[in-house]
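Q: Take a look at the letters that make up each chain.
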Amino acid sequence: MSGVKTDSPNATAGRLEGLLVEFDSPTALVAAAEQIRDAGYRRWDTHTPFPVHGIDEAMGIRPTRLPFIVFLLGFIGCIGGLVLQWWTNATGASDFPGLPTFLQGYNYLISGKPEFSLPANIPVIFETTVLLAAFAAVFGMLAMNNLPKHHTALFASERFRRVTTDRFFVYVDAADAKFDEGQTTSFLGGLGGSQPEAIHDIASSPSALPGGLKVSTLILISLLFIPPLVIARARVAKSNEPRIHIIQDMDNQERFKAQQAASAFFADGRASRPQPEGTVARGDLRFDTHYYEGKIGGEYATTYPEQVTINEQFIRRGQERFNVYCAPCHGLGGAGNGTVNATALRLETAGWIAPTSLHDQLARSRPLGHIYNSISNGIRSMPPYGDQISPTDRWAIVSYIRALQFSQQADLDDVPPEVRPELR
Amino acid sequence: MASVPNEIDNTWNRPGERAPLITGGHDFTSLTDVACGPAETYRPPRAWYIAFTISVVLLAILGASIGYLIINGVGVWGVNNPTGWGFAIINFVFWVGIGHAGTLISAILFLFRQKWRTSINRFAEAMTIFAVMCAGIFPGIHVGRIWVTYWMGPLPNQMAMWPNFRSPLLWDVFAVGTYATVSLLFWYVGMIPDLATFRDRSKNKIRRFIYGLFAMGWTGSSRHWHRFERAYLILAALATPLVLSVHSVVSFDFAVSQLPGWHTTIFPPYFVAGAIFGGFAMVVTLALPAREMFGLKNIITLRHLENCCKIILLTGTIVGYAYLMEFFISWYGGNQYESFIFRARALGPYAWAYWTMITCNVLAPQLFWFKWCRTNLWVMFIVVMMVNVGMWFERFVIVVTSLSQDFLPSSWHYYVPTAIDWLTLAGSFGLFFTMFLLFCRFLPMVAMAEVKTVMPHADAHAHVPASRSFDYNPDDFEPEQEQK
Numbered sequence: 001m002s003g004v005k006t007d008s009p010n011a012t013a014g015r016l017e018g019l020l021v022e023f024d025s026p027t028a029l030v031a032a033a034e035q036i037r038d039a040g041y042r043r044w045d046t047h048t049p050f051p052v053h054g055i056d057e058a059m060g061i062r063p064t065r066l067p068f069i070v071f072l073l074g075f076i077g078c079i080g081g082l083v084l085q086w087w088t089n090a091t092g093a094s095d096f097p098g099l100p101t102f103l104q105g106y107n108y109l110i111s112g113k114p115e116f117s118l119p120a121n122i123p124v125i126f127e128t129t130v131l132l133a134a135f136a137a138v139f140g141m142l143a144m145n146n147l148p149k150h151h152t153a154l155f156a157s158e159r160f161r162r163v164t165t166d167r168f169f170v171y172v173d174a175a176d177a178k179f180d181e182g183q184t185t186s187f188l189g190g191l192g193g194s195q196p197e198a199i200h201d202i203a204s205s206p207s208a209l210p211g212g213l214k215v216s217t218l219i220l221i222s223l224l225f226i227p228p229l230v231i232a233r234a235r236v237a238k239s240n241e242p243r244i245h246i247i248q249d250m251d252n253q254e255r256f257k258a259q260q261a262a263s264a265f266f267a268d269g270r271a272s273r274p275q276p277e278g279t280v281a282r283g284d285l286r287f288d289t290h291y292y293e294g295k296i297g298g299e300y301a302t303t304y305p306e307q308v309t310i311n312e313q314f315i316r317r318g319q320e321r322f323n324v325y326c327a328p329c330h331g332l333g334g335a336g337n338g339t340v341n342a343t344a345l346r347l348e349t350a351g352w353i354a355p356t357s358l359h360d361q362l363a364r365s366r367p368l369g370h371i372y373n374s375i376s377n378g379i380r381s382m383p384p385y386g387d388q389i390s391p392t393d394r395w396a397i398v399s400y401i402r403a404l405q406f407s408q409q410a411d412l413d414d415v416p417p418e419v420r421p422e423l424r
Numbered sequence: 001m002a003s004v005p006n007e008i009d010n011t012w013n014r015p016g017e018r019a020p021l022i023t024g025g026h027d028f029t030s031l032t033d034v035a036c037g038p039a040e041t042y043r044p045p046r047a048w049y050i051a052f053t054i055s056v057v058l059l060a061i062l063g064a065s066i067g068y069l070i071i072n073g074v075g076v077w078g079v080n081n082p083t084g085w086g087f088a089i090i091n092f093v094f095w096v097g098i099g100h101a102g103t104l105i106s107a108i109l110f111l112f113r114q115k116w117r118t119s120i121n122r123f124a125e126a127m128t129i130f131a132v133m134c135a136g137i138f139p140g141i142h143v144g145r146i147w148v149t150y151w152m153g154p155l156p157n158q159m160a161m162w163p164n165f166r167s168p169l170l171w172d173v174f175a176v177g178t179y180a181t182v183s184l185l186f187w188y189v190g191m192i193p194d195l196a197t198f199r200d201r202s203k204n205k206i207r208r209f210i211y212g213l214f215a216m217g218w219t220g221s222s223r224h225w226h227r228f229e230r231a232y233l234i235l236a237a238l239a240t241p242l243v244l245s246v247h248s249v250v251s252f253d254f255a256v257s258q259l260p261g262w263h264t265t266i267f268p269p270y271f272v273a274g275a276i277f278g279g280f281a282m283v284v285t286l287a288l289p290a291r292e293m294f295g296l297k298n299i300i301t302l303r304h305l306e307n308c309c310k311i312i313l314l315t316g317t318i319v320g321y322a323y324l325m326e327f328f329i330s331w332y333g334g335n336q337y338e339s340f341i342f343r344a345r346a347l348g349p350y351a352w353a354y355w356t357m358i359t360c361n362v363l364a365p366q367l368f369w370f371k372w373c374r375t376n377l378w379v380m381f382i383v384v385m386m387v388n389v390g391m392w393f394e395r396f397v398i399v400v401t402s403l404s405q406d407f408l409p410s411s412w413h414y415y416v417p418t419a420i421d422w423l424t425l426a427g428s429f430g431l432f433f434t435m436f437l438l439f440c441r442f443l444p445m446v447a448m449a450e451v452k453t454v455m456p457h458a459d460a461h462a463h464v465p466a467s468r469s470f471d472y473n474p475d476d477f478e479p480e481q482e483q484k
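Protein chains in written order, with this note's numbering: chain A, 1 to 424; chain B, 1 to 484.
Pulled out of the complex, with its shape left as it was, chain B reads as follows (with noise of 0.2 Å):
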């Protein structure tokens, strides 16, 4: 990873000038062949090939593990019997959180205009659909009898009866399958008319006629791109509701049920900030090496990793401050059961889980208030690292403390999860890298058609300074040169 010294610092604020979004003098055809390199060259960087072994390695353990469950039963996990819900669900949520700040990137930057997200938002959302597919084995998995998960959907079984429309556990079904759905439509919306890039510029014919697949025959034309920008729009209205919703749904599982430590209004608020804060700081993890290892120093510049960190200080201090409200209310409340697992969060039998998750979620981003932790690489990856281990402490703490201590205590048990336990997390995360790096590999990584948009040449109106205009003429291009 690259040192401060050769990243162009675009992170100033001076009162009537814009900092520029894209450096590195990029025009439209130098942004477009950057922004294409990573799928177009024939062999990509040595970093990639060693990422991908080690995720597709991850990635068959998922499968054996998961194989293993399925033909011994959910016997070989360290769930027991007052602590049911155990890694599957702290994974679960866990990634289902990660996809949020996509969307969040995607969807509600678009409608507050924020122009740095056309950098980053591409490969977040790919980042959520990726982190929402690791999602969606987990409930699968845990139910124990995985052949029978479609009894999960609106089908009527065997016995005429329909699923019981007033379960939460129902609702998440119905948010996180919606989620899934508007995610992937939403990406793969946005993505054709990069894809159509990739259509026109590629060499061969199979390339050409693939990409030509998915680019839908999009040509550009105004009349399209009028009716697109309206779909798009409208898919970020909806997606902005939706992404509230469904870590609030996901929060329901615990909060509508009557467990001490669950059985709270914060939670829906908190896990939606929670989600946006593990999210981002996901972002700033595959970022951090993506825009390395491909060359895209000038697209992701450094003014977009340091709102990126702006965004993990708020949404941190924000699940700081959630924490904090929780053991307020369970002494103000004044009940003995909320009081108690509060205690026994903090210095109970699984307080170091309790020490971790402060230590990362809380105590690490506050460094973001220093503009040299926000620009400076090495202290942004670690300071993620700690945030995206913390935020899955953070699950395991409420999963967990909650449940391993009933309201009866001869039933008390600690949990302690098996080596297939922490495989299939681990499968899980092979999966994720496997999926982002065929994606940085073989999918338009940029959104280059909005990136374009933010570029000073793209305005019709304003007048572009001669040093910015095109050095290049429209005469002198020739369509064979392009061929070879």
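The shape of chain A in the complex, shown without the other chains (with noise of 0.2 Å):
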């Protein structure tokens, strides 16, 4: 324990870096760590294979504020999965009007559930927490203890190497306030472990990295730049070539076209099967043509089907279906001005066939089977509307047409004797 040990093959070169103390046991370190403490030194340190009990006392080490920082970001994270359930499942394109579309929020229903409902977002809220919480815990325990860090001017000592295996060390760094070689030294060796082994810089340390690996790594890294970059070059360029088709998602299908010979589908040549013998198709069932058709023996009808019966209720309802489905075109009084047609017009749209007035002679003189049948399977150049309005709704409309056209020719005796007053 006399003085710095000059064998080293460390001493030869570079700054003196610290002082290195060995000892054999915690206990030992602990007592030494104490002394040091005590001397006021600032910047060192011990190092061990193991967390030391009591070491922290012992060197006057702070509780870290680590929980504080993981706190803080499990706070965020558990904010974070909130919002992002809330915005992307609970907002639509419609609530912030003007952001780009990957950024809008879907507000889609489903099962008839409430778009927002905080029981069914605590699962991801929680785990957003615990993840952004674990991130700080390791990221930030690394950040505060300047990790990683390849190389430190600790690995040029040899004995050094046992700091992870079974020895404790004190190591006093010389850009301490009160380092003075002769007098730490000195102090150091009176405190029970080794001689104090003096630590210096050396360059080529055979911990350090490797001189070539940086810039490779840097080539490495701006080569793995290249492919994202090309593909965002694709994604705006033009090109007259076809789309390079790699995954197909059923998009190019086995399929019967119209002039082939056969199909390859069934051993019969079909692409489909011919409906069983004896058998009806679902819905296809409708032998009563006056319901379902609007025709007797051929002729359209000119009454009303048993199934329905005319009263101010079943009007009312041919009314409501009126306005939802034919106001559009024909209007609300059945005159041919419905807003489409304004719409229409106002564009100058060309081509375009004005809706018929539901007044006008012909519409007048057509027999109710004939209305029904325009509404199912439209006319002339009205679109139809038999799959979307049920028989009888239909068979509402008809008599709302027949009470709408009535409306525009009764005359005065046809009106309640106590409202007359006031058309005069």
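Please keep in mind that the hints were generated in silico from the structure rather than gathered at the bench. Wrong hints could be hidden among the right ones.
[Claimed, not checked] In the DSS-like style, the derived pairs of lysine-lysine whose C-alpha atoms are separated by at most 25 Å in a straight line are:
{"no.": "1", "chain 1": "B", "residue 1": "K371", "chain 2": "B", "residue 2": "K115"}
{"no.": "2", "chain 1": "B", "residue 1": "K203", "chain 2": "A", "residue 2": "K149"}
{"no.": "3", "chain 1": "A", "residue 1": "K214", "chain 2": "B", "residue 2": "K203"}
{"no.": "4", "chain 1": "B", "residue 1": "K297", "chain 2": "B", "residue 2": "K115"}
{"no.": "5", "chain 1": "B", "residue 1": "K205", "chain 2": "A", "residue 2": "K149"}
{"no.": "6", "chain 1": "B", "residue 1": "K205", "chain 2": "A", "residue 2": "K214"}
{"no.": "7", "chain 1": "A", "residue 1": "K238", "chain 2": "A", "residue 2": "K149"}
{"no.": "8", "chain 1": "B", "residue 1": "K297", "chain 2": "B", "residue 2": "K310"}
{"no.": "9", "chain 1": "B", "residue 1": "K371", "chain 2": "B", "residue 2": "K297"}
{"no.": "10", "chain 1": "B", "residue 1": "K115", "chain 2": "B", "residue 2": "K203"}
{"no.": "11", "chain 1": "B", "residue 1": "K115", "chain 2": "B", "residue 2": "K310"}
[Claimed, not checked] Covered stretches of chain A, as calculated for chain B (at least 3 residues, CB under 8 Å):
{"no.": "12", "region": "52–60"}
{"no.": "13", "region": "91–104"}
{"no.": "14", "region": "125–134"}
{"no.": "15", "region": "325–333"}
Since this is a predicted model, take the numbers as computed values, not measurements. Every residue, glycine too, gets a C-beta built ideally from N, C-alpha and C.
Two independent chains are provided; combine them into the complex using the hints.
A: The structure is reproduced here in structure tokens:
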């Protein structure tokens, strides 16, 4: 224990970084740490193979602020998880107009459940909280410890290699305000450990990063940017070539084309199956032509079918359906002046055929079954509505059209006597 | 595998005296030597090569069967119309469950200050990571078009639609994703000091560089240790509710649906207990050969194994209770669909699977009431193998019985897995064991730094009895000797 060991190979080069003392047991180390702390050193440390119990007090290490960082990040994770779910599932494009599509929420309805319901969001909130908190704990710890740091001056010492196995070390940094080579050496020598070893900074330490490594890592990283750049460019560039179609996603499937002789799907060469004998397809059992087609014996019916009863409630139903399905074109009063017609005229749509006024002579003379048929199958340029409106509702609309037509042709006698004065 | 006589019996409990957790009179030096042995020996034992070859072959089978699946579509599996969740989901739940023991040992036992965890926590955590890797494959490949699996993540698709956050399947993505990430961090952070040990002991430059890279320049500084321990504690505190949540969320996949046999509130606790049960069985399955192969018998002692057996007994009994309770409720609840499905489980077309499960999961662990069984390695091995099988069948029974006999009897369909199903399952074991064997070979299998803290020498305040004190003198140390 007499002065600095000079036979160490490290002593020949570099600046003095600090002094290293070795101890054989945690007990001895803790005792020494207390003395160094009391001597007033600030930039020093102990190095041990495992966390030694009681060393924090012996060195005067203050509790770390890591838990606060973890809490903060955990809190952000919690709020972030909540906002993410609210934003993506409970807001829509119309709530925040002007956002790019990939930032818009999409509030679709699932099984009639509320768009935003906290209980259903708790699992994800919990996971994001834990995830961010764990990141904070790990990366916060590493950052506060100034890691990763591939090389430190200490690695120059051969004996220090046992710090991770079974030896205990004290290291006093030469940058400490109280550091004085001679004085500190003799102080450390008297602590009951080995004689202090001077640690010098040598650039060619065996543990240092190989020189070419940094350059090659940099090159590698910059090479990694090329594919994403190519892709990014391809997204905006135009090309005459068809897209490369790697993943087919069932885009090209076997199919039966019109002029093809026989399909490969079935042994008989057909592409679909004929109806088995003696069966009726669902919804095809419609013998009652009066009710379903508005025809009796091939002629348009002039009466209502027996399935419907004409009363005020029925006609009101017809009014309500008419206003939904027909009024956009034919107008609420049936005069052919609905909003669609108005828009088409305003835009001067070429070839526009105006909806017929339901009050003109032809329309009034049509039998009930004819109007019914016009609704079911459409007429001339008017599209069919049969698959949107049920037969009963179609008959209700017919009855309402008749009421509309009557309202335009009635004379004073048809009006109840009590309202007659109002019309004069 | 060794027989009992050459084991040191440290399973005794004497009042006032602590049974040693590390046997064989080890000190820090010799303990490090033993624990680093597997990674430092030039040639691992013959058994390692054999096991590794088999595992890699199985891994190749996994790759081939997944490739076959991708090219041909999920039709190559045995899934049929009512049974849309076949092996893929069974295997997923099975593997996720296995992982739980690792986190339990590393986090929950840490919070409970169970010192015996230190010998087995590292490889149990590794087991977690590899099991979650295996688990993660299955939901990914069972979606059919695996190239759009990223739709599971929180990203808008081309129609600007986001995933539905009210669905348990999405919770699952978050739960398993977080679990995998946190487990990996926990494992890696705990390993940093031991990687530094590897770095410092390595005798060639490349080895020193690579381990040094991953050890991140760890110097064992007490100021670092202080934050390290705090971070570790926080991670344990975070991982504990996390591990309970993960299998709960996995159970929501079933429990939130409205299928008889699935729609029960007992599922979350029952799944968690089952996961820990199955996971511990896997820990013992791995520990038994590993300690033999790499001479770790003094570190993973009989006492450690016995403790694992006790946990297996406890959780196995909880699982048995849950099975019983399900039956009770199906009768007591008076719902005819529920009672039908449970009758069908025990007596219906899948009765063979059900009774395999009961035998392996409920009856077999009861042997562990007897200390002789808890300390006999062969009995232990047979029981844990049965539990491994039984836990797989538990998931089979849950998934298949409820699905194959749904509400409409005309669509009932008996589920028969195909050869590809079986090969994929076997292949996932290949992945698991390949990773595990590589881990044993190249990474610190024992948490050396942690084990040292539970050795009697580590206590800076208590004076170590003379017989146990250091038998070496620091001045004798010649660095050059270490180098050669």
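Q: For the pair we were handed, B:K115 and B:K203, check the Cα-Cα distance against 25 Å.
A: 32 Å, violated
Q: Holds or violated: the region 325–333 of chain A covered by chain B, criterion of 3 or more residues with Cβ-Cβ distance under 8 Å?
A: It is violated: at least three residues are needed, and the region 325–333 of chain A offers just 0 whose Cβ sits closer than 8 Å to chain B.
Q: Holds or violated: are the alpha carbons of B:K297 and B:K310 at most 25 Å from each other?
A: 19 Å, holds
Q: Establish whether the coverage given for the region 125–134 of chain A by chain B is satisfied; the threshold is a Cβ-Cβ distance below 8 Å, and no fewer than three residues must meet it.
A: Three-residue rule met by the region 125–134 of chain A, so holds; n is 7.
Q: Quick one, are B:K297 and B:K115 close enough, alpha carbons at most 25 Å?
A: 17 Å, holds
Q: So if I understand the rule, the pair passes when the alpha-carbon distance is 25 Å or less; does A:K214 with B:K203 pass?
A: The given pair, whose Cα atoms are some 23 Å apart, holds under the 25 Å limit.
Q: Closer than 8 Å Cβ to Cβ for three or more residues is the test here. Does the region 91–104 of chain A pass it with chain B?
A: holds (count 4)
Q: For B:K371 and B:K115, compute the direct alpha-carbon distance and say whether it is at most 25 Å.
A: 21 Å, holds
Q: Is B:K205 within 25 Å of A:K214, Cα to Cα?
A: Satisfied, since the Cα-Cα distance of roughly 17 Å is no more than 25 Å.
Q: Can the restraint linking B:K115 and B:K310 be considered satisfied, given a maximum Cα separation of 25 Å?
A: 16 Å, holds
Q: Does A:K149 lie within 25 Å of B:K203 when you go C-alpha to C-alpha?
A: 21 Å, holds
Q: For the pair we were handed, B:K205 and A:K149, check the Cα-Cα distance against 25 Å.
A: 18 Å, holds
Of the hints listed earlier, those the structure fails to meet are numbers 7, 10, 15, in rising order.
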